[in-house]
Amino acid sequence: MRTTTTPLQRIWEFFVEKLIFLSGFTAIIFVVLLFLFLLKEGLAVFKTVSPQEFIAGKSWYPISKPPQFGILPLILGSLAVTIGAAAIAVPFGVASAVYIAEVAPPRLKEYLKVGIELIAAIPSVVIGFIGMVALAPIVANVFDLPTGLTALSASLMLALMAMPTTVSIAEDAISGVPREYKEAALALGATHWQAIYRVILRAAAPGILAAVMLGIGRVIGETMAVMMITGNSAQIPHTLLQPVRTLTATIAAEMGETMRGSPHYTALFAIGIVLFLITFIVNFTADLFLRRAEARR
Amino acid sequence: MNAQRSEKLTFALLLAATIIVVLPVLVIIGIVIKNGVGAITWEFISTAPRDGMRAGGILPAIVGTFCLMIGAMLFAVPLGVFSAIYLNEYAGDNLLTRLIRLAIINLAGVPSVVYGLFGLGVFVMFFKFGTSILAGAMTLSIMNLPVIITASREALSNVPQSFREVSLSLGATRWQTIRHVVLPNALPGILTGIILEVGRAGGETAPILFTVAAFSLPFLPHSVFDQCMALPTHLYAISTQVPNIGLDVRYATAMVLLAVVLIVNFFSIMLRMRLRRRRQW
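Top line first, the protein sequences correspond to chains R and X. Using the numbering used here, the first residue of the first sequence is number 152, and each one after it goes up by one. Using the numbering used here, the first residue of the second sequence is number 1409, and each one after it goes up by one.
Worth flagging that the hints you see were computed from the coordinates, not collected in a lab. Some hints could be false.
[Said to hold, decoys possible] Calculated lysine-lysine pairs in the DSS-like style (CA-CA distance at most 27 Å, straight line):
#, chain 1, residue 1, chain 2, residue 2
1, R, K333, R, K264
2, R, K264, X, K1416
3, X, K1442, R, K264
4, X, K1416, R, K333
5, R, K169, R, K191
6, R, K198, R, K216
7, R, K260, X, K1416
8, R, K260, R, K333
9, R, K209, R, K198
10, R, K191, X, K1536
11, R, K209, R, K191
Note that the structure is a prediction, hence the values are computed from the model and not measured.
With the hints as extra help, turn the sequences into a complete structure.
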């Protein structure tokens, strides 16, 4: 390593450091650009419909004449699959996190963690494909339905896709609880499970909450799997055994057929704004919980 | 029931829950291999599709996916690593840093289809790249950025502070210290994050649906301004858009896609395990 600097090196260093400073801001620049672009293309939809009609309108018929751009069925569709997925993912995800962090022997722990990561590696279009050809027929059979492409099938697959996020962050939260807490509980005569349940889980609660929220954020944003499994029918769902259509799937399915600048095109960008805001709020809140968890330590 | 026995029962239930979480992924991989392996021939992976994708192979989609993975990394890696260097080596703990952190978290949470919209609006239309490899690779790279920044930053922060102090005390400048001491020590960790994102770039569908995807294009791309096929969009197309495609062909396409992504991931996991064993500080 050279330790003396020539003028040329100093100039080079000056430019490299400027480049580093600039790169530091890319994340902010892209978030702002992303949001501004969605606004620029999406807000024009309110020339066609009022904000109230857009959010609370019960019919999404973008190509009928006149077109109707009510996204309530899509919001409820997203909500249905999200609630379904969360109902499965939260108990199983937290239970796995507890097992991996506290109970599993070191070797098994490594294998389980690789297994959980493997879920994240599988492309969502493959999950969607398997949901379509392997899971949907089973669901149709079990519940005696004309089609298995329902909110329930999507919820099952989405629950799986939420696992990597939920389990790994919850596991971090549980492993991060100071050792003394557990030792104190054990010293007072608690069993390992009592220590987990009464002390560790309580101390890790903010982190676990963040894990759950981030998992849900992942589910809301998931596109390909829901597009292939939900059956894509834009109706207000009454049960999970019905085909639904989500916000994300609507954009992905319809963007290819729109003309730039048409009301339909702007409406899809407006759905993008809605999605951006929802995920922003979810991630922001989850981060608040994580910071609280950090501060406690 | 006494406390010891109820503990045993609870732990058994927790183990069962964990197995239920991990098992489906093995089942999925198993189903894909079992149903797909029969249709995988040399012709399938080395020729272009024919007869409206009902015959022939998927070579253009494989090539397209590799182009997109490489292209995405060409943008995302320098930007992401430099950004991580700024955050870990230069930035103080102030409002600006917190804003950057918030932006990274938010970028990581934006749905992939919204990146697709952004790519369509910015790269395809505003910069007039058209639906092309370039537009798709740029879109994917922005999506990959948050993970590359986060992983690189963690790798950098794992390099002990004393390494920097020694280098600085020998008269090296800040950049020299980063370039010759910090980066080489953080490199394996940074690579792990990058490889993970290469796999993700290869498997993503929604961001490239309106930015690159050619439905069926029986030849290979010649320049970055060409459209191309890609494995994930191809699987989507033959599963939902084109009727009467043999189930085995669809499974085989899924299997090739899965193989590409899992091999990439395997390298990442191996690298990390080696890294963990080697590190002594």
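Hint check against the structure, violated hint numbers in rising order: Violated hint: only 5; rest satisfied.
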